[in-house]
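Given only the sequences and the hints, what does the whole structure look like? Please build it.
Here's the letter readout for the chains.
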Amino acid sequence: MTITTQPPAPRTTARRRRVARFSPRDVAVIGLLLGIPVLLDVALIWGPTLASVALSFTSWNGVTDIEPIGLDNYRNIVSNYPPFWPAVRHNLIWLLFLGVVATPLGLFFAVLLDKQIRFSRFYQTALYLPVVLSLAVIGFIAQLLYSRDYGAVNAALGRTDNPIDWIGDPSINLWSVLVLVGWRHVGYVMLLYLAGLKAVDPALKEAAAIDGANEPQTFFRVVFPVLRPVNILVLVITVIEALRAFDVVYAINRGRNGLELLSVLITDNIIGEASRIGFGSAIAVILLLISLGFIVTYLVQVFREERA
Amino acid sequence: MITPHHPTRRTVLRGAALGATALAVPALPAALAGCEKPDSGGGSGDGGGTVTFGSNYSDEVPKKALADVLAKSGQDVRVNTVDHNTFQENINRYLQATPDDVFTWFAGYRMQFFAAQGFATDISDVWSEIGGDFSEAMKAASTGEDGKQYFVPFYYYPWAVFYRKSVFESKGYQVPTTWDEYKALAAKMKADGLTPIALGNKDGWPAMGTFDYINMRLNGYDFHVNLMAGKESWEDPKVKQVFTLWQEILPYCQTGANGRTWQEAAQSLAAKQTGMYLLGMFVGQQFSGADAEDLDYFPFPQIAEEHGQDSVEAPIDGFMISAKAKNVDGAKRLLKYLASAEAQNLYLKSDPNNVATNNKADTSGYNALQKKAAELVGGAKHISQFLDRDTRPDFASTVMIPSLQTFLTNPKDVDGLVKQIEGQKKTIFTS
Numbered sequence: 001m002t003i004t005t006q007p008p009a010p011r012t013t014a015r016r017r018r019v020a021r022f023s024p025r026d027v028a029v030i031g032l033l034l035g036i037p038v039l040l041d042v043a044l045i046w047g048p049t050l051a052s053v054a055l056s057f058t059s060w061n062g063v064t065d066i067e068p069i070g071l072d073n074y075r076n077i078v079s080n081y082p083p084f085w086p087a088v089r090h091n092l093i094w095l096l097f098l099g100v101v102a103t104p105l106g107l108f109f110a111v112l113l114d115k116q117i118r119f120s121r122f123y124q125t126a127l128y129l130p131v132v133l134s135l136a137v138i139g140f141i142a143q144l145l146y147s148r149d150y151g152a153v154n155a156a157l158g159r160t161d162n163p164i165d166w167i168g169d170p171s172i173n174l175w176s177v178l179v180l181v182g183w184r185h186v187g188y189v190m191l192l193y194l195a196g197l198k199a200v201d202p203a204l205k206e207a208a209a210i211d212g213a214n215e216p217q218t219f220f221r222v223v224f225p226v227l228r229p230v231n232i233l234v235l236v237i238t239v240i241e242a243l244r245a246f247d248v249v250y251a252i253n254r255g256r257n258g259l260e261l262l263s264v265l266i267t268d269n270i271i272g273e274a275s276r277i278g279f280g281s282a283i284a285v286i287l288l289l290i291s292l293g294f295i296v297t298y299l300v301q302v303f304r305e306e307r308a
Numbered sequence: 001m002i003t004p005h006h007p008t009r010r011t012v013l014r015g016a017a018l019g020a021t022a023l024a025v026p027a028l029p030a031a032l033a034g035c036e037k038p039d040s041g042g043g044s045g046d047g048g049g050t051v052t053f054g055s056n057y058s059d060e061v062p063k064k065a066l067a068d069v070l071a072k073s074g075q076d077v078r079v080n081t082v083d084h085n086t087f088q089e090n091i092n093r094y095l096q097a098t099p100d101d102v103f104t105w106f107a108g109y110r111m112q113f114f115a116a117q118g119f120a121t122d123i124s125d126v127w128s129e130i131g132g133d134f135s136e137a138m139k140a141a142s143t144g145e146d147g148k149q150y151f152v153p154f155y156y157y158p159w160a161v162f163y164r165k166s167v168f169e170s171k172g173y174q175v176p177t178t179w180d181e182y183k184a185l186a187a188k189m190k191a192d193g194l195t196p197i198a199l200g201n202k203d204g205w206p207a208m209g210t211f212d213y214i215n216m217r218l219n220g221y222d223f224h225v226n227l228m229a230g231k232e233s234w235e236d237p238k239v240k241q242v243f244t245l246w247q248e249i250l251p252y253c254q255t256g257a258n259g260r261t262w263q264e265a266a267q268s269l270a271a272k273q274t275g276m277y278l279l280g281m282f283v284g285q286q287f288s289g290a291d292a293e294d295l296d297y298f299p300f301p302q303i304a305e306e307h308g309q310d311s312v313e314a315p316i317d318g319f320m321i322s323a324k325a326k327n328v329d330g331a332k333r334l335l336k337y338l339a340s341a342e343a344q345n346l347y348l349k350s351d352p353n354n355v356a357t358n359n360k361a362d363t364s365g366y367n368a369l370q371k372k373a374a375e376l377v378g379g380a381k382h383i384s385q386f387l388d389r390d391t392r393p394d395f396a397s398t399v400m401i402p403s404l405q406t407f408l409t410n411p412k413d414v415d416g417l418v419k420q421i422e423g424q425k426k427t428i429f430t431s
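Just so you know, the sequences run in chain order A and B. When you line the first sequence up against this note's numbering, it's residues 1 to 308, in that order. When you line the second sequence up against this note's numbering, it's residues 1 to 431, in that order.
It is worth saying that the hints were derived from the structure and are not from the lab. Beta carbons: idealized from backbone N, C-alpha and C, even for Gly. Be aware that a few hints might be false.
Per the computed footprint, the stretches of chain A lying under chain B, defined by three or more beta-carbons under 8 Å from a beta-carbon of chain B, are [what the hints assert, rightly or not]:
1. 62-68
2. 80-93
3. 268-274
Straight-line C-alpha distance at most 25 Å; calculated SDA-like pairs for lysine to any residue [stated by the list, open to error]:
4. B/LYS188 x A/ASP161
5. B/LYS231 x A/GLU67
6. B/LYS412 x A/ASP65
7. B/LYS426 x A/ASN61
8. B/LYS272 x A/THR58
9. B/LYS188 x A/ASN162
10. B/LYS419 x A/ALA251
11. B/LYS324 x A/TYR74
12. B/LYS419 x A/LEU71
13. B/LYS412 x A/ASN162
14. B/LYS272 x A/ASN80
15. B/LYS272 x A/GLY158
16. B/LYS412 x A/ILE164
17. B/LYS412 x A/ILE66
18. B/LYS231 x A/SER79
19. B/LYS231 x A/PRO82
20. B/LYS412 x A/TYR74
21. B/LYS426 x A/LEU71
22. B/LYS419 x A/SER171
23. B/LYS190 x A/THR160
24. B/LYS419 x A/PRO82
25. B/LYS426 x A/ASP161
26. B/LYS426 x A/ARG159
27. B/LYS426 x A/THR267
28. B/LYS419 x A/VAL78
29. B/LYS272 x A/ARG159
30. B/LYS148 x A/VAL63
31. B/LYS426 x A/VAL78
32. B/LYS324 x A/ILE164
33. B/LYS231 x A/ARG159
34. B/LYS426 x A/ASN80
35. B/LYS426 x A/ALA54
36. B/LYS272 x A/VAL78
37. B/LYS412 x A/ASN80
38. B/LYS426 x A/THR64
39. B/LYS426 x A/ILE66
40. B/LYS188 x A/THR64
Written out as structure tokens, the structure is:
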């Protein structure tokens, strides 16, 4: 039996054939279906974003005239607004906590549960259940658990005479909240990694075992690199969750007294009775710049690999 | 061979598009019609028709009391109740979008601020009819910066130091009238195992009452009003002295105040765990039955002899007509009714934690606390409205709330605190 190989078709012919498959009507439909979301995106997201950037250089209370004031808002935010630097710190702590503690824990649980131990379905459900709760509900739960005089945690610890003020004490309340947020994040990450691990080809693990690798080596050298798409997804989700954190702290105490976050500062200044729209927009632009920092780094990485 | 006819992707999309348009065509006019507010027939004509009413009376007791009053108004009133704190926070957007004809609000600078921006209808004509029933101070609190009236007062409640009579009797405490007596009483309470002063500042505004009173007692009403209007410097030694005095009583206050709501602090007073509580008369909402009978108060003690106890913090709640009101005549008729003694008395029957603003209101039905409050405010030389109503809302919410919470957490650094407040105040009051 002879093995015949066909010469690869010349690339130009293939491309021409691919284009010819789209009829004009197909192009119109695709144009419409892509065009409408893009239009909505520009109108509802990028338009207001650019408007916010423009407003950040003005002083406006929403009713009277818009007065341009240059960089005054930014100068005031950085030097004359006490909640600002704590808010930046808290956002970064939030990011580090989710990235360094909650996400690896989620990965760890996923690896454990992937081993098909007994009751793994039960563990999966139990760990995933907090994800079903909205963050505002988690804020309410935090108040019930952590209330200084009437909370469950102080009662369980037996500290009724000298209770720890989990929520009112600004040096520890961020950590109290992060524990609950991490509790939710772990389930979310665990589920993503479980799905990713199930897609890993078992032949790879067998090959590693044949080559004499032990468990950790198999995992870190073979499985983890293959999980690359899931890693990227989890990284993006973690950064998004950290920068957009708002619901939990707002539900607990409106984001004050140790629970300041940039998102809360923005809403306090723009949406509340205060209506310092220029000032709030400037804080929003700062948050945008921080987010863009992460996004641009990520995109540069992705494009660099595509080119390589 | 019969090939089964599978719908192609195109036919499915075509079918879906046709189906959606078929559903949308009749639904669209209905939706558009629903968007328009129902024409109230009254327009600017007869003063009849429905009057819409935006209310922040969200707690049970005031909500029911207000409903009772509106039911007897003789007009068709549609009430739109929003959570109390949420209503205040959204007021800017509310007034700019589609506000109700009449809405609940507060007297003082906070009212003048929104009137000056053109959000309220001038009701000086209503005042020309009802003005005789109100004191000069009430009229002044209802007047905007341009000299016209925009507000109709409904009730007020004083801020004072509340305590339980039974606790004071059993432990032999005397009501203090000076600052030194106040501190001595607090020390005695502490020795007896009580937490002397209750404090719940999670919402950020309760601590403002303490600041206001210490400032008015120490530096006088005029200095306080000017400070609130941004005319005095927060780095003035007079202001630093206020914080220094506050530091003297902090050891006697409940710790962890920033994590405790005012309701929880009131419950600690009811449970006899704390001895005294500086709050508005609405603290009575947290007391029921026999406990409510046991509640009493004394005015905040004197600090400087020249000012004595001449000022009272008594916020006035009332109503305004929005600039975009659809039924202005109906709204004005409703305000005249609400300003009347009978409407106010009817309200107070169900919510006795306030005092009527109308001079002709029947005070015979008042309980002991209300009578005392009416005398206290009636005899006061100056009435203040509370920090967050006496100053610009953006200054009160974005600067004072975090600053006072910072003070309670870290009371030692007064110089740094007032420097920050002054710096922020300069940027806000110039804008």
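Outcome of the hint check:
Restraint check on the segment 62-68 of chain A versus chain B: 4 residues with Cβ-Cβ distances below 8 Å, three needed, restraint holds. Coverage of the segment 80-93 of chain A by chain B holds. Counting CB-CB distances below 8 Å, 4 residues qualify, and the rule asks for three or more. Residues of the segment 268-274 of chain A with a Cβ under 8 Å from some Cβ of chain B number 6, which satisfies the need for three, so the listed coverage holds. With a C-alpha separation of about 20 Å, the suggested pairing of B/LYS188 with A/ASP161 holds against the 25 Å cut-off.
For the proposed pair B/LYS231 and A/GLU67, the alpha carbon gap of about 23 Å is at most 25 Å, so the pair holds. Of the supplied pair hints, the one linking B/LYS412 and A/ASP65 is violated, its CA atoms being roughly 41 Å apart against a limit of 25 Å. At roughly 16 Å between alpha-carbon atoms, B/LYS426 and A/ASN61 fall within 25 Å of each other, so this suggested pair holds. Distance check on the hinted pair: B/LYS272 and A/THR58 sit about 53 Å apart at the alpha-carbon level, beyond 25 Å; violated.
Proximity of B/LYS188 to A/ASN162 is assessed by CA-CA distance (about 21 Å); at most 25 Å being required, the pair is judged to hold. Between B/LYS419 and A/ALA251, the direct Cα distance comes to roughly 31 Å. Violation of the 25 Å bound is thereby established for this hinted pair. Restraint check for B/LYS324 and A/TYR74: not satisfied, since their Cα atoms lie roughly 35 Å apart, outside the 25 Å limit. Distance restraint check for B/LYS419 and A/LEU71: the Cα-Cα separation of roughly 22 Å lies within the 25 Å cut-off, and the hinted pair is therefore satisfied.
A distance of roughly 23 Å separates the Cα atoms of B/LYS412 and A/ASN162; the hinted pair therefore holds under the 25 Å criterion. With a C-alpha separation of about 43 Å, the suggested pairing of B/LYS272 with A/ASN80 is violated against the 25 Å cut-off. Under the criterion of a C-alpha separation no larger than 25 Å, the hint pairing B/LYS272 with A/GLY158 is consistent with the structure, at around 22 Å. The suggested pairing of B/LYS412 with A/ILE164 holds, with an alpha-carbon distance near 22 Å, which does not exceed 25 Å.
A hinted pair counts as satisfied when its Cα atoms are at most 25 Å apart, and B/LYS412 with A/ILE66 does not qualify at roughly 40 Å. At most 25 Å may separate the alpha-carbon atoms for a hinted pair to count; B/LYS231 and A/SER79 meet this at roughly 23 Å. For the hint pairing B/LYS231 with A/PRO82, the CA-to-CA distance comes to about 22 Å; that is within 25 Å, so the pair holds. Proximity of B/LYS412 to A/TYR74 is assessed by CA-CA distance (about 29 Å); at most 25 Å being required, the pair is judged violated.
Restraint check for B/LYS426 and A/LEU71: the C-alpha separation of about 16 Å stays at or below 25 Å, so the hint holds. A threshold of 25 Å between alpha carbons decides the hint, and for B/LYS419 with A/SER171 the separation of about 23 Å falls inside it, so the pair holds. For a cut-off of 25 Å, the pair hint linking B/LYS190 to A/THR160 stands: about 18 Å separates their Cα positions. For a cut-off of 25 Å, the pair hint linking B/LYS419 to A/PRO82 stands: about 11 Å separates their Cα positions.
Among the hinted pairs, B/LYS426 with A/ASP161 is inconsistent with the structure: their alpha-carbon atoms are about 44 Å apart, more than 25 Å. Taking the CA atoms of B/LYS426 and A/ARG159, the gap is about 45 Å. The hint is violated against a cut of 25 Å. Annotation: proposed proximity of B/LYS426 to A/THR267 holds, straight-line Cα distance about 22 Å (limit 25 Å). A C-alpha spacing of about 15 Å is found between B/LYS419 and A/VAL78, which places the hinted pair at or below 25 Å, so the restraint holds.
A C-alpha spacing of about 20 Å is found between B/LYS272 and A/ARG159, which places the hinted pair at or below 25 Å, so the restraint holds. At roughly 21 Å between alpha-carbon atoms, B/LYS148 and A/VAL63 fall within 25 Å of each other, so this suggested pair holds. For a cut-off of 25 Å, the pair hint linking B/LYS426 to A/VAL78 stands: about 15 Å separates their Cα positions. With a CA separation close to 50 Å, the supplied pair B/LYS324 and A/ILE164 exceeds the 25 Å bound.
For a cut-off of 25 Å, the pair hint linking B/LYS231 to A/ARG159 is broken: about 48 Å separates their Cα positions. Using a Cα cut-off of 25 Å, the hinted pair B/LYS426 and A/ASN80 holds, with the two alpha carbons roughly 10 Å apart. Our distance criterion of 25 Å between C-alpha atoms is met by B/LYS426 and A/ALA54, whose separation comes to about 23 Å. Between the alpha carbons of B/LYS272 and A/VAL78 the distance comes to roughly 46 Å, so the proposed pair goes past 25 Å and is violated.
For the hint pairing B/LYS412 with A/ASN80, the CA-to-CA distance comes to about 20 Å; that is within 25 Å, so the pair holds. The straight-line distance between the Cα atoms of B/LYS426 and A/THR64 is roughly 19 Å, inside the 25 Å bound, and the hint therefore holds. Proximity of B/LYS426 to A/ILE66 is assessed by CA-CA distance (about 19 Å); at most 25 Å being required, the pair is judged to hold. At most 25 Å may separate the alpha-carbon atoms for a hinted pair to count; B/LYS188 and A/THR64 exceed this at roughly 55 Å.
When the structure is compared with the earlier hints, violations turn up for hints 6, 8, 10, 11, 14, 17, 20, 25, 26, 32, 33, 36, 40 and for no others.
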